[in-house]
Amino acid sequence: MSQRCFQTAMARLVVDAKFRDRVRAGGDDALEGELTALERKRLTAIAATRGLDATSTLYRGFRLSKLYATLPLTCALLGKRRLAREVRLYWAARVSVSLYFFEEAFGFCDHLEERLQSGLRVAYLDEVLAYERATLELQRPRNREDAPASQRVEFEHDPEILLNCLSRGQRPRAIPVLNCTLFGELDEDDKVQWHFLADKAKTSHAKARRRKEKQVSSKQHLTP
Amino acid sequence: MSNTPLVPKLGIGLAYQSALRPFIEEERERFDFLEVVPDILWSNLGRGHSPQYVDDAEGADFMRRMRAEMFIVPHSIGLSIGSSYSFERNHLTQIKSWHEWLKFPWHSDHLSYNLAEHADGEMNVGVTLPMPHDAETLDLLAPRIHEVRASLPVPFLLENNVYYFNFADEEMTEARFLNRLCELSGCYLLLDLHNLYTNCRNHEGDAYEFLSELNLDRVLEIHVAGGMEYGGVYLDAHSDTSPQAVWELLDYVLPQCANLGGVVFELVGSWYQEVGRERLSVQLARMKELWLRHQPAPLREAVA
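Chains as they are written, first to last, in this note's numbering: chain A, 1 to 224; chain B, 1 to 304.
No lab work stands behind these hints, which were simulated from the structure alone. Cβ coordinates follow ideal geometry from the N, Cα and C atoms, glycine included. It is possible that part of the hints are untrue.
[What the hints assert, rightly or not] Calculated Cβ distances over 12 angstroms to all of chain B for the following chain A residues: (1) 38; (2) 79; (3) 85; (4) 157; (5) 179.
[Stated by the list, open to error] Using C-beta positions, here's what the derived DEER-type ranges look like: (6) A/177 / B/96: 53 to 59 angstroms; (7) A/190 / B/212: 51 to 57 angstroms; (8) A/28 / B/29: 15 to 21 angstroms; (9) B/212 / A/26: 51 to 57 angstroms.
[Stated by the list, open to error] Okay, the calculated bits of chain B under chain A, using three or more residues with CB under 8 angstroms as the criterion: (10) 49 to 57; (11) 145 to 151; (12) 247 to 258.
Start from the sequences and build out the full structure, keeping to the hints where you can.
Given below as structure tokens:
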């Protein structure tokens with residue numbers, strides 16, 4: 001039992017900075033559970049090392065790399081500083097439960113959706129987040145026989161301009177208003193295809209550009 | 001050691017990453033086999049799902065194509081064999097199913113744990129956390145290794161771990177611990193020279209002392225890689241070419257590993273652009289030169 005407690009405490013030192021700080025400050029007293037004297041000695045010694053900080057950096061780096069890989073446009077839209085703040089909040093509430101990327105990505109989507117509902121204001125975030133979440137939903141690992149449900153994402157701004165801007169690493173500004181719906185599904189090669197479902201453009205500029213339903217094919221983002 | 005299972009002398013290997021695919025496809029003559037972390041080519045849907053593991057069809061197809069030309073050796077991260085809390089037995093079933101079509105001559109995982117209890121559930125740290133070199137750790141590992149060995153007809157290797165902090169008052173040196181683990185469990189070793197270099201650099205150890213104490217007959221595979229300094233700690237980041245000290249260790253150890261099957265270079269895909277095709281080629285050429293100096297010519301015709 002103590003071996004299990006020891007491993008849990010060591011993992012907590014890596015993932016939970018507040019716990020690490022408590023052990024650093026309070027030593028043995030901050031440790032819980034059935035631990036032998038030697039295990040307590042080892043844990044308090046580990047908490048004081050630079051090596052623990054390096055291990056925590058690797059832990060955070062791995063988690064962050066999952067988000068960059070699965071939600072690149074959302075990460076780009078948030079920018080480094082705001083992304084760092086949001087992942088700190090997210091990670092404080094939820095430890096990593098899997099090696100796999102999708103679990104981390106969907107968890108972060110849930111976090112951002114809750115933050116948006118509770119007042120977070122980031123221009124275009126709701127649209128970009130919904131688009132990337134829907135893309136992930138289509139790509140989510142599943143058994144071959146379980147075809148994914150098609151996805152619909154509502155936009156209030158021109159998705160072509162918005163998403164391409166982000167995919168080029170540019171901060172979107174003054175994206176033209178365009179109320180439209182994107183329809184996503186997998187093609188025969190299991191690649192995500194997004195179509196304009198119906199053109200509900202409100203701006204005359206956009207109406208002129210898209211009279212007919214238009215297919216756009218890209219795995220991650222819309223292409224012109 | 002007369003009872004050591006033979007593995008084919010595969011020669012020089014490259015660790016697969018999707019970003020390396022252009023290199024893998026266009027520079028095949030530079031390496032003799034591929035190593036793959038199979039976990040990146042499947043998804044674990046979680047316990048309770050049936051099937052629990054779903055292959056990435058495109059990635060698995062690529063491996064099938066490559067298998068027609070060379071051996072592919074799996075190097076897993078999913079067993080968490082050192083976790084007191086939970087050991088991923090279903091991962092073994094998945095590895096076994098891959099053996100049916102990949103026909104690999106050995107397989108390996110990390111001598112570490114990443115699964116631990118957390119509140120009412122579990123956490124997966126995603127980092128290979130170390131375990132103390134104590135008898136209690138051997139007691140945990142040995143029966144699990146027996147289980148792994150019983151499930152597959154090929155040798156099972158564990159990789160000496162990289163660790164950024166030490167444990168106070170360990171009962172054994174790392175080398176003695178690894179020797180004892182092999183004796184008790186029948187496993188073999190994947191000797192990661194960059195892990196060894198990183199540990200010695202960070203903790204002021206002596207790599208040659210470690211190697212002189214280690215039973216090198218148990219080493220069936222070697223890893224080389226590069227890393228970086230971060231926050232006063234040298235990281236096994238697989239982010240660069242190998243340091244000169246690692247090449248010297250490889251030159252030193254290669255003639256002493258009688259049962260060696262291959263030497264693999266590891267590079268994280270996101271660093272490939274930084275390292276570049278040319279420098280990666282040079283790494284592999286250097287490995288090949290050392291291999292041919294100290295080991296028999298690779299058996300490429302062994303591909304089934």
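Hints versus structure:
1. Not every beta carbon of chain B lies more than 12 angstroms from that of residue 38 of chain A, the smallest distance being close to 6 angstroms; the non-interface claim is violated.
2. With 12 angstroms as the threshold on Cβ separation, the claim that residue 79 of chain A sits away from chain B holds: the shortest Cβ distance comes to roughly 20 angstroms.
3. Every beta carbon of chain B lies more than 12 angstroms from that of residue 85 of chain A, the smallest distance being close to 21 angstroms; the non-interface claim holds.
4. Every beta carbon of chain B lies more than 12 angstroms from that of residue 157 of chain A, the smallest distance being close to 31 angstroms; the non-interface claim holds.
5. The claim that residue 179 of chain A is not at the interface with chain B holds, since no C-beta of that chain comes within 12 angstroms of its own (minimum 36 angstroms).
6. The given range of 53 to 59 angstroms is respected by residue 177 of chain A and residue 96 of chain B, whose C-beta atoms sit roughly 56 angstroms from each other.
7. The hinted range of 51 to 57 angstroms is satisfied by residue 190 of chain A and residue 212 of chain B, whose Cβ atoms lie roughly 52 angstroms apart.
8. The hinted window of 15 to 21 angstroms between residue 28 of chain A and residue 29 of chain B is violated, with their beta carbons roughly 59 angstroms apart.
9. At about 42 angstroms, the CB distance of residue 212 of chain B to residue 26 of chain A disagrees with the hint of 51 to 57 angstroms.
10. Only residues whose beta carbon comes within less than 8 angstroms of a beta carbon in chain A count, and the stretch 49 to 57 of chain B has 4; three or more means the coverage holds.
11. With 0 residues having a beta carbon nearer than 8 angstroms to a beta carbon of chain A, the stretch 145 to 151 of chain B misses the requirement of three or more and the stated coverage is violated.
12. Counting residues of the stretch 247 to 258 of chain B whose CB lies closer than 8 angstroms to any CB of chain A gives 0, so the stated coverage by that chain is violated, three being the minimum.
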